[in-house]
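**Student:** So the chains spell out like this:
Number of protein chains: 4
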Amino acid sequence: MLTGQEYKDSLKDGRKVYFAGRQIEDFATEPALGVPMQVAADGYDKHYSAEPGAVNPLIDGPRSPEELRDKIPVLMEMDLLLNVTYQSLMTLLVAAPRIEGVAPQFVERIHAYVADAKARDIRITECITDSKGNRSKHPADQDDPDSYVRVVDRGPDGVVIRGAKMHISAAALGHDLMVMPTKNMKPGEEDWAICAAVPVNAPGVHITNTTYHPYGRDERDHPTSARESVPDSMCIFDDVFVPNERIFLDGQAAQAAVFAHSLGLWERLGGTAFMVEQADELVGLAQLIAEANGTAKISHIREKIDEMMIHATLLRAGLEAALLHAHETPDGYFYPDDMYTNVTKFQGAAQFSKMVRHLHEIAGGAVLTAPSMSDFDNETLRPYLEKYMSTGDGVSGEYRTKLFHAIRDTTADAYGGWHHVTNIQSGGGLFAQRLVTRRHYDMTRAKSLALKAAGLAGD
Amino acid sequence: MLTGQEYKDSLKDGRKVYFAGRQIEDFATEPALGVPMQVAADGYDKHYSAEPGAVNPLIDGPRSPEELRDKIPVLMEMDLLLNVTYQSLMTLLVAAPRIEGVAPQFVERIHAYVADAKARDIRITECITDSKGNRSKHPADQDDPDSYVRVVDRGPDGVVIRGAKMHISAAALGHDLMVMPTKNMKPGEEDWAICAAVPVNAPGVHITNTTYHPYGRDERDHPTSARESVPDSMCIFDDVFVPNERIFLDGQAAQAAVFAHSLGLWERLGGTAFMVEQADELVGLAQLIAEANGTAKISHIREKIDEMMIHATLLRAGLEAALLHAHETPDGYFYPDDMYTNVTKFQGAAQFSKMVRHLHEIAGGAVLTAPSMSDFDNETLRPYLEKYMSTGDGVSGEYRTKLFHAIRDTTADAYGGWHHVTNIQSGGGLFAQRLVTRRHYDMTRAKSLALKAAGLAGD
Amino acid sequence: MLTGQEYKDSLKDGRKVYFAGRQIEDFATEPALGVPMQVAADGYDKHYSAEPGAVNPLIDGPRSPEELRDKIPVLMEMDLLLNVTYQSLMTLLVAAPRIEGVAPQFVERIHAYVADAKARDIRITECITDSKGNRSKHPADQDDPDSYVRVVDRGPDGVVIRGAKMHISAAALGHDLMVMPTKNMKPGEEDWAICAAVPVNAPGVHITNTTYHPYGRDERDHPTSARESVPDSMCIFDDVFVPNERIFLDGQAAQAAVFAHSLGLWERLGGTAFMVEQADELVGLAQLIAEANGTAKISHIREKIDEMMIHATLLRAGLEAALLHAHETPDGYFYPDDMYTNVTKFQGAAQFSKMVRHLHEIAGGAVLTAPSMSDFDNETLRPYLEKYMSTGDGVSGEYRTKLFHAIRDTTADAYGGWHHVTNIQSGGGLFAQRLVTRRHYDMTRAKSLALKAAGLAGD
Amino acid sequence: MLTGQEYKDSLKDGRKVYFAGRQIEDFATEPALGVPMQVAADGYDKHYSAEPGAVNPLIDGPRSPEELRDKIPVLMEMDLLLNVTYQSLMTLLVAAPRIEGVAPQFVERIHAYVADAKARDIRITECITDSKGNRSKHPADQDDPDSYVRVVDRGPDGVVIRGAKMHISAAALGHDLMVMPTKNMKPGEEDWAICAAVPVNAPGVHITNTTYHPYGRDERDHPTSARESVPDSMCIFDDVFVPNERIFLDGQAAQAAVFAHSLGLWERLGGTAFMVEQADELVGLAQLIAEANGTAKISHIREKIDEMMIHATLLRAGLEAALLHAHETPDGYFYPDDMYTNVTKFQGAAQFSKMVRHLHEIAGGAVLTAPSMSDFDNETLRPYLEKYMSTGDGVSGEYRTKLFHAIRDTTADAYGGWHHVTNIQSGGGLFAQRLVTRRHYDMTRAKSLALKAAGLAGD
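Protein chains in written order, with our numbering: chain A, -4 to 454; chain B, -4 to 454; chain C, -4 to 454; chain D, -4 to 454.
Don't take each hint at face value.
No distinction is drawn between identical chains; accordingly, a pair holds when it is met within one copy or between any pair of copies.
[Stated by the list, open to error] Within a straight-line C-alpha distance of at most 27 Å, the following computed DSSO-like cross-link-like pairs (lysine-lysine) qualify:
1) Lys41 with Lys447
2) Lys442 with Lys349
3) Lys178 with Lys41
4) Lys132 with Lys3
5) Lys178 with Lys382
6) Lys447 with Lys178
7) Lys7 with Lys41
8) Lys181 with Lys11
9) Lys382 with Lys349
10) Lys292 with Lys178
11) Lys11 with Lys127
12) Lys181 with Lys447
13) Lys127 with Lys292
14) Lys181 with Lys349
15) Lys442 with Lys113
16) Lys127 with Lys181
17) Lys113 with Lys447
18) Lys382 with Lys181
19) Lys113 with Lys292
20) Lys132 with Lys11
21) Lys3 with Lys181
22) Lys113 with Lys181
23) Lys127 with Lys382
24) Lys113 with Lys7
25) Lys3 with Lys382
Honestly, the hints are just simulated from the structure, not real lab data.
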């Protein structure tokens, strides 16, 4: 296993990473990359074992409904990079039996890759969304055939791929990019049916970074984003060679979606659990700021908090139902129910902005205008700020100011915007959740209830 | 046990029942009473056993989470009068140990009453909501002290009560009225702390009836309400004598709410399960009418049905979570979790009218204007109606017309209005559900999440 | 002009009208038809003038924005049958110049028909919506070519039409049916491009009736529907001959929609004005019942009423904007702006059920269970009802009961359901309103604002 | 009048302004202050006239409904600092006659001050919201009497004030702070009834700054906020002396709210007009990005844009109604109707986050992850970005990327969060808008409609 320092050193491997138009050699010099790198390094140190042959124990799939449930607090504590690594390896393991029949040669490679990745203690990020070009056309029909990542050359030792993948969280901070198709391909689109593990420093890989990290601002004014924000990347594959042992699908158009579907099983649990946790956090912020403002007993404030609690509890019910109806893969792994998970995500995403609106209405305008913690450092200002940000009754100015910063940082500043969009877009957008529901809902039963109501039950 | 006919005969006992301003002697002459009486009679016949000493087996509380879950389809099949009888008896049994310490004399009476009620196979309805007078005043402070049912006289053999109870479903069709206080009373309000079983034909009892039954209309145009609607009553107690053996609480102001709370445990499961079933039924109606109209593949129609499915599934998740987190009474009965049940009811009630709006938009104006089934009986009209209500493709005019009637009957006619209001008001209105949530939600955990987000976790 | 009695006599003209499967000869014997007939008769008496050559002065289109605005209270007072007659004549007059170029022969007929209709003081209803068959196919492509009303034969003196029209309010109570196509036709669909005035008693015309009138119930329990509900009809045209002088379009496929569009101009004002009035009425009911319940000062009750007021005012703003931006036809008639009217209807329809939910939550369960006014007639019951429906403070039991009946009748009983569906479906459903908005919104301006925000204003 | 440069020089007057904990001497060195200073300077240059005695012509109140309407595009073009200066002067002029009766000495001072301010061409910001302490207590009852700004000393030449004002936009960039009470005071609270113009550089004034300006980021990635964001301030008054000629109210507790109410008249028009404009801008962004993504014809995308158009049009209707029903002050100034303005603000604020959710769902995840414009500057990256951000069909990668930046900057980044909160909080929060509606709505008319519906019209 690697220590945090060994991890950080491992990133100096010639990778082509860009931020704000500049290529970055040493991430430590660039807080938007350096801070999340340090968070990942802390994760390494937390799980480090010097024992030879040790592997990270968290990277194991749940083997029973109870293990599935116990996994939730573990996922909540993991750093993002470890979490996506876990998801990537589970994705491969669960996909393997599904492609065994049509393309048996890949199964052995998968098991070898997983064993090696565990042994080397690497971090892996998932590359799914293509640049896509015109959304109304198929990969093979695009003006630019590279709109979806594809194989442009094949040789005895491997293939050459070209294209770009979008919205890759923490891509620059991992070791491998797990490239997989976003959907099933049609006959004639074999070149777009490629799944492979590409080292971040492979020649031809270029990684841009956008960030919601508060670099250049006082971290105390951004108590959550300074800790949790990771950069999002576009990963460009400019004729990148991938050796055979890292190729897990190549040309099986009808199986192209197997990996993305498998990933969905593992991605979902953490995503839903996070959404439930986030809803509870919003309730807590609302209650604390109402108490600090002296408004916690005002009727219309209480009712808004009531609605936030009802929302959070409804999401939790969705998670509970998904766990209760867990399903088992052929290999004996357990994953939460698709239908309940999707419905929960839909509800959470659709109502998020209304809950935030309630929080903002409860908190008041100081969400935007509370002084910076650095203003509290100023000897002239500090007494004024303590005096005027306090509301009496033992509510200190600094305490109340920190609450405003937490609210602003998570809901009304850059990282809040990130949440707004991510809640909607993760898992494919609200529309995708509708489609999943449409597929899984028991319409036959619903129709029979309706026929009975119409006195047509015999029909 | 009683046969259906014996039950019907048993109602001719001198009771004072009114409908449309007239006192009704023979319910069979008045469809608004006669039809639901027949439904109850069918329930008797269904469960009848001639074996001596037989009792209805459905009237037993669940003794494990599995029995609780298995109870749901049973409740869905029961007629309403049997259902409320079951609830009434369970209410008494579960309340008994809660009042044992303060008023032990009532416990023995309860057990004797329950045994007798089972043996006689009677039906019991619950009388909770008082006429209430001014909602902002307590019982003892009302202009009229009878605004809440109270004891106006006490003797060695029993008490005399006065007042009125509102919104009593099927009161005129049962044998006993289970009168209980709607809430805890304050010191000095002992006279309002009265719980007792009053025979429907006791002197001084008067029962008005309002109905959403389609009497005087073609029952085929009201396929659901003609079968399921029962009258709602105001039960007036004009100095009614109640003998001691039928009194289960008298003067214990601080325990006045025990019975209503106990009832809540049993009422809730059926109420929530019904709401989930209703949501699925609406989905089924929407899908069937869209198919019959030839619009099931139109994008905006599909999306509305998607939203209805998501709604139904979210409610089902709430029910699942409530069952998963079932609680046990001291006597070993199992009931669903308060918090999840309330949240589910809130969501179901709050969103019901929006789901109905979707259904109406999908179905179109013929919800209102589809011809009556009696028009189909007319030899001149029938060929026209078959021709013009059909949409081709094997969708017959009569089939499609029946779907419109089912939609109208359950959502856009009298009984639909009844659903709109009942979904909101049952269990105390949306506001009551907020209060329950407020009481049960784990705010401590939510606050600690918020403090952590604010970097104040140590505080 | 006709007196009310003359009008009633005029309906005994051999027309084939059906209700509940029976053909009805004398409407006075059937309250569902007789009561609205009497309302129409009262309208005749109200405007009657014995002066020779007198015509109803209300039937005149607005000639200025001020007249347009002044028309609103007039429309609110008119009975429905007079209102649709007014709309029908204005529809013809405004359509005339639009078809003059392509089919000049019809213009003269229109003017003659309008003059005659005024002189004879007849009532005219509009027949637009066809039975339609499969919604995804054009008229000529239907399994049954009669799915849209069409000409099946032509002779020197007139044409023969066949088909059925749906959702015709008060068809059985007028003298003429104004048949017009629902949309433009394609080349080859000339036979479906037919506009004509058909006498109700023409051979081959059959009229079914469905009703939301509370026939067979106590009218006092239905204070609004007993007065305002009119029957809706399916009008069947079984090879009906129409003489030339009553044909206003025949075969001009590309002009088929001219009449329906023209009608839209006149229909819209009343519809929107009614919706605004209805929203204010709901506010008033909410406030009155809250006061009667003693809850008008409770915070969550007030907030719900606030929301209802905001809703009503927003609708009124939409009406004001539509009037402010009135447009003029080539002939100098003024009609309200399409865009603002549609947006107002959309908002009113989309939010109606939520406002009703607020009202129900404010009012409480007695919306459903308040005793009938006929119960108040019963000498035994009346004192009880007065006592227990009162809330003290001078709120009499009867007064409060009447408020509950008004709320139930307009929102939670049959006629309430009619409103729910009609608000959604009138003017073509929410989806139709979207399409109109899409057509009229100034997207060019919106795009230029967006380009400016993106720093792309020069593009 | 002043040139831009003279304005910038005028700010170097010893004022105590802080940013990020540091006192700032030269704003030009600090982009968060320097950029908005330059925007204000550009405003000076735009209106500059060298003519002696010239004054800015924009600073004049509307004298007719037409002038009121014409003022809207003028306000949309003004820089914020000029806008609030205009509002401040109009506030004083309109307040003057309202205090003339009780405190005539202030009227003359007001006119002198306004004339001087125009002549010196200064910029004035408004200081209303106090730090407030515990929201449930009155000013005189707070633990800290300085929770509301108050007079702590009075002398022959002036008064000394103490306290803090919150949420002051651009305070550090103007010349005078117009301090006024936030509400009416009670007897005994005369010291809190103080209105005065305080120079920003008066001894004892300290001004903190928080900003949503993208300082330290590439301005091209923030096309709107880089131009429009101004800092918000807390203005601390630590025993600041104000000479008599700058005091416009002192001790008239019952008139304390006159200035805030007067300000409301002028603030409102711009606020509402901006909200309407913002709604149209969101529509434009949605349409442009849908076109660029190739999704503009997909049904569910179109429907979301429809809803956004309907929303924007409904807001515009509210503005139109407010202008149509403009009111006149005693002095002949025209201001928009309170009721319609408030309803429009409520609707705009309440629905804003839903409209943004639609926009985000239409745009997709690249709202968050589109590469920076500085990445386009990189010679290696540029061809990749052009290739993969393009969607073919002439949609260039740079063009589409700029749209994403505009969407992110205005809705999903820091400045987007500022909009979210400001839309809710400006004008006092959604709850304040409810209260205004409650005050102005014609409840008498609504009740009479309800009584009529209940058949109680005579009561």
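**Student:** Determine for every hint whether it applies to the structure shown.
**Tutor:** We went through each hint and held it up to the structure:
1. Lys41 with Lys447: between (59 Å within a copy, 20 Å between copies)
2. Lys442 with Lys349: Result: close only across copies, 20 Å inter versus 33 Å intra.
3. Lys178 with Lys41: neither (36 Å within a copy, 55 Å between copies)
4. Lys132 with Lys3: neither (42 Å within a copy, 55 Å between copies)
5. Lys178 with Lys382: between (59 Å within a copy, 22 Å between copies)
6. Lys447 with Lys178: Answer is neither; intra-copy 39 Å and inter-copy 37 Å both fail.
7. Lys7 with Lys41: Within one copy, since 22 Å is at most 27 Å while 53 Å is not.
8. Lys181 with Lys11: Result: close neither inside a copy nor across copies, 33 Å intra and 61 Å inter.
9. Lys382 with Lys349: neither (33 Å within a copy, 38 Å between copies)
10. Lys292 with Lys178: Classified as between; 22 Å across copies, 52 Å inside a copy.
11. Lys11 with Lys127: Result: close within a single copy only, 23 Å intra versus 53 Å inter.
12. Lys181 with Lys447: Cα proximity of Lys181 and Lys447: none, with 42 Å in one copy and 41 Å across.
13. Lys127 with Lys292: So Lys127 and Lys292 pass the 27 Å test across copies only (17 Å; inside, 52 Å).
14. Lys181 with Lys349: neither (41 Å within a copy, 37 Å between copies)
15. Lys442 with Lys113: neither (49 Å within a copy, 38 Å between copies)
16. Lys127 with Lys181: Within. Shortest intra-copy distance 16 Å satisfies the 27 Å Cα cut-off; inter-copy 38 Å does not.
17. Lys113 with Lys447: neither (56 Å within a copy, 32 Å between copies)
18. Lys382 with Lys181: For Lys382 and Lys181, only the inter-copy Cα distance (24 Å) is at most 27 Å; the intra-copy one is 68 Å.
19. Lys113 with Lys292: Classified as neither; 53 Å inside a copy, 47 Å across copies.
20. Lys132 with Lys11: neither (31 Å within a copy, 57 Å between copies)
21. Lys3 with Lys181: Classified as neither: same-chain Cα gap 42 Å, cross-chain 65 Å, threshold 27 Å.
22. Lys113 with Lys181: neither (34 Å within a copy, 67 Å between copies)
23. Lys127 with Lys382: between (55 Å within a copy, 11 Å between copies)
24. Lys113 with Lys7: within (20 Å within a copy, 63 Å between copies)
25. Lys3 with Lys382: Answer is neither: 44 Å inside a copy and 32 Å across each miss the 27 Å cutoff.
Of the numbered hints given earlier, the model fails hints 3, 4, 6, 8, 9, 12, 14, 15, 17, 19, 20, 21, 22, 25; all others are met.
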